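Asks: Sequence:
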Amino acid sequence: MSLTEVAREPAADQAAAARRRRVVLITGMSGAGRSTALKALEDIGYEAVDNLPLKLLPALVGEAGDRPVAVGIDTRTRDFAIAFVIDELDALRRDPAFEVRLVFLDCEDEVLRRRFTETRRRHPLALDRPVTDGIARERQLLAPLRDRADQVIDTSGLAIGDLRRLLQAGAGPSESAKLAVFVVSFAYRNGLPRDADLVFDVRFLRNPHYVPELKPRTGRDAEVRGYVEADPAFAPWFERLTQWLRPLLPRFEEEGKSYLTIGIGCTGGRHRSVTVAERLAAWFAAEGRRAELRHRDIESEAA
Numbered sequence: 015m016s017l018t019e020v021a022r023e024p025a026a027d028q029a030a031a032a033r034r035r036r037v038v039l040i041t042g043m044s045g046a047g048r049s050t051a052l053k054a055l056e057d058i059g060y061e062a063v064d065n066l067p068l069k070l071l072p073a074l075v076g077e078a079g080d081r082p083v084a085v086g087i088d089t090r091t092r093d094f095a096i097a098f099v100i101d102e103l104d105a106l107r108r109d110p111a112f113e114v115r116l117v118f119l120d121c122e123d124e125v126l127r128r129r130f131t132e133t134r135r136r137h138p139l140a141l142d143r144p145v146t147d148g149i150a151r152e153r154q155l156l157a158p159l160r161d162r163a164d165q166v167i168d169t170s171g172l173a174i175g176d177l178r179r180l181l182q183a184g185a186g187p188s189e190s191a192k193l194a195v196f197v198v199s200f201a202y203r204n205g206l207p208r209d210a211d212l213v214f215d216v217r218f219l220r221n222p223h224y225v226p227e228l229k230p231r232t233g234r235d236a237e238v239r240g241y242v243e244a245d246p247a248f249a250p251w252f253e254r255l256t257q258w259l260r261p262l263l264p265r266f267e268e269e270g271k272s273y274l275t276i277g278i279g280c281t282g283g284r285h286r287s288v289t290v291a292e293r294l295a296a297w298f299a300a301e302g303r304r305a306e307l308r309h310r311d312i313e314s315e316a317a
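Under this note's numbering, the first residue of the sequence shown is numbered 15, with each subsequent residue one higher.
Some hints could be false.
[Unchecked claim] FRET-style restraints, in silico, Cβ to Cβ:
hint : residue 1 : residue 2 : range
1    : 300       : 141       : 53 to 59 Å
2    : 160       : 220       : 38 to 44 Å
3    : 157       : 271       : 19 to 25 Å
4    : 230       : 256       : 27 to 33 Å
5    : 123       : 250       : 18 to 24 Å
6    : 154       : 260       : 30 to 36 Å
7    : 205       : 302       : 19 to 25 Å
8    : 155       : 69        : 18 to 24 Å
None of these hints come from the bench; they were simulated from the model.
Being a predicted model, the structure only gives us computed values, none of them experimental.
For every residue, glycine included, the Cβ atom is placed at its ideal position computed from N, Cα and C.
Please construct the entire structure, taking both the sequences and the accompanying hints into account.
Replies: Pasting the structure below:
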């Protein structure tokens, strides 16, 4: 093999990778947001198909053309069987013509129960039984698919806009290799964000909740931010945090991670966590990285 041929190999590999058709399979718990997920992918150029009979899946993704495909699969799909879905998934992943991702949408059981109750829909696996029975049965049935998923998204407390951003970060064009960062502030009393990759507890900082004029305000207000950042512990801790994050982010990118969710928590989710989350998002911007910011519990009533 000549040196010219050796030099051309990487370029040829890149060209072949660029020609691979992107296929995203959307599955997960009924009521967790599959239709919303398919719509989000359709908005960025995917051909979206829901409840396709599984025997037609190979024909759909094998059609000529380079438009990416998103397929919704759940227990209502005709001829649904876990073993068959796994076989088809493995076959697609082995085919060099396709770049395949499996996205699993999860949700807390109580949230799913409430969604079915509020919409008066019957659960597909519990048509003549309580919704909770169907949820339990479906969770057990889908466990093997969840274990194989490339991306698991918990939609329990997720706004539609946040779900769209998570999906588009994971399934967007391959050339956008830059890590998408999501920063979420939260209250520990309401539980951890289930989709968080990293969680930082800022309850060691002094609490504006105990200052009467600051209690009704939030970390979005300059007075609250000034109070929190004036804590002698704040500046050295924040500096260490950013020094730790800076080399970590490119390593995540090298490993192929497409999105990173960072949780910042305090007791009530209104003051300290909001302040730190806002400051962290600003730091990412200064580093040339866009960070989506969400304050999960900022509207919670002050305790």
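Asks: All hints, please: hold or fail.
Replies: Tested hints:
1. 300 / 141: 53 to 59 Å: 54 Å, holds
2. 160 / 220: 38 to 44 Å: 41 Å, holds
3. 157 / 271: 19 to 25 Å: Distance hint for residue 157, residue 271 holds at roughly 23 Å.
4. 230 / 256: 27 to 33 Å: 30 Å, holds
5. 123 / 250: 18 to 24 Å: 42 Å, violated
6. 154 / 260: 30 to 36 Å: With Cβ atoms ~42 Å apart, the hint is violated.
7. 205 / 302: 19 to 25 Å: 33 Å, violated
8. 155 / 69: 18 to 24 Å: The hint (18 to 24 Å, Cβ to Cβ) holds, given that residue 155 and residue 69 are roughly 20 Å apart.
Violated hints, listed in ascending order, are 5, 6 and 7; each of the other numbered hints is respected by the structure.
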